[in-house]
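*Asks:* Modelling step: build the complete structure from the supplied sequences, incorporating the hints.
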Amino acid sequence: MTMTSLEEFRQLASRGNLIPVVAEIVGDVETPVGAFQKIGRDRWSFLFESAERNEESGRFSLIGIDPLLIVSQCERDLAVRERSGAVTRRSTSDPLGELQKVLGEFRFVPRDDIPHFQGGAVGFAGYDVVRFFEPKVQIQSRDDLELPEMMFMVAGTLIV
Numbered sequence: 079m080t081m082t083s084l085e086e087f088r089q090l091a092s093r094g095n096l097i098p099v100v101a102e103i104v105g106d107v108e109t110p111v112g113a114f115q116k117i118g119r120d121r122w123s124f125l126f127e128s129a130e131r132n133e134e135s136g137r138f139s140l141i142g143i144d145p146l147l148i149v150s151q152c153e154r155d156l157a158v159r160e161r162s163g164a165v166t167r168r169s170t171s172d173p174l175g176e177l178q179k180v181l182g183e184f185r186f187v188p189r190d191d192i193p194h195f196q197g198g199a200v201g202f203a204g205y206d207v208v209r210f211f212e213p214k215v216q217i218q219s220r221d222d223l224e225l226p227e228m229m230f231m232v233a234g235t236l237i238v
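When you line the sequence shown up against my numbering, it's residues 79 to 238, in that order.
FYI, nobody ran anything at the bench for these hints, they're computed from the structure.
Where a beta carbon is used, it is the ideal one built from N, C-alpha and C, also for glycine.
Any given hint could be a false lead.
[What the hints assert, rightly or not] Ranges between beta-carbon positions, derived for each pair: (1) Arg161 <-> Leu223: 24 to 30 Å; (2) Ser128 <-> Thr235: 16 to 22 Å; (3) Val165 <-> Phe124: 16 to 22 Å.
*Replies:* Here is the structure:
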């Protein structure tokens, strides 16, 4: 079984503030969907199944839970919700730029011994977000669903 030692963690922590911790668990009788049903019950969770057919990236499923933060945007209002529950709101005409700034607070420490996707922002940017970076596009849509135009989360726990 592979595990991150305390000494290895300390070395990685000196290089950043978002450190992958590895614990290999045998899951011979568990499916990704079954595992997700057991641990991904929170509203803020996701399961990504790979459709790639190669050995390198096609053999992993990703389960993300316990968000460090959630960034959502409606119209020009951007909200950043932290793990503590604190919410910061600001007006912006560049939601993707604001997302990039928020993510810039994380200094991720990559590892070569684990799969390629080791964390980051997971979510969506809807069609209406195009108006922020293509000013010539005039969108005259009605917001009948009252959903965010953009929403991303950074999982505090990522199971691969």
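*Asks:* So, for every hint listed, does it hold in this structure?
*Replies:* The hints, checked one at a time:
Look at Arg161 against Leu223: about 27 Å separates their beta carbons, and that is inside 24 to 30 Å. A hinted range of 16 to 22 Å holds for the C-beta pair Ser128 and Thr235, which are about 19 Å apart. The hint said 16 to 22 Å for the Cβ distance between Val165 and Phe124, and at roughly 21 Å that hint holds.
Going down the numbered hints, you'll see the structure goes against none, and every one checks out.
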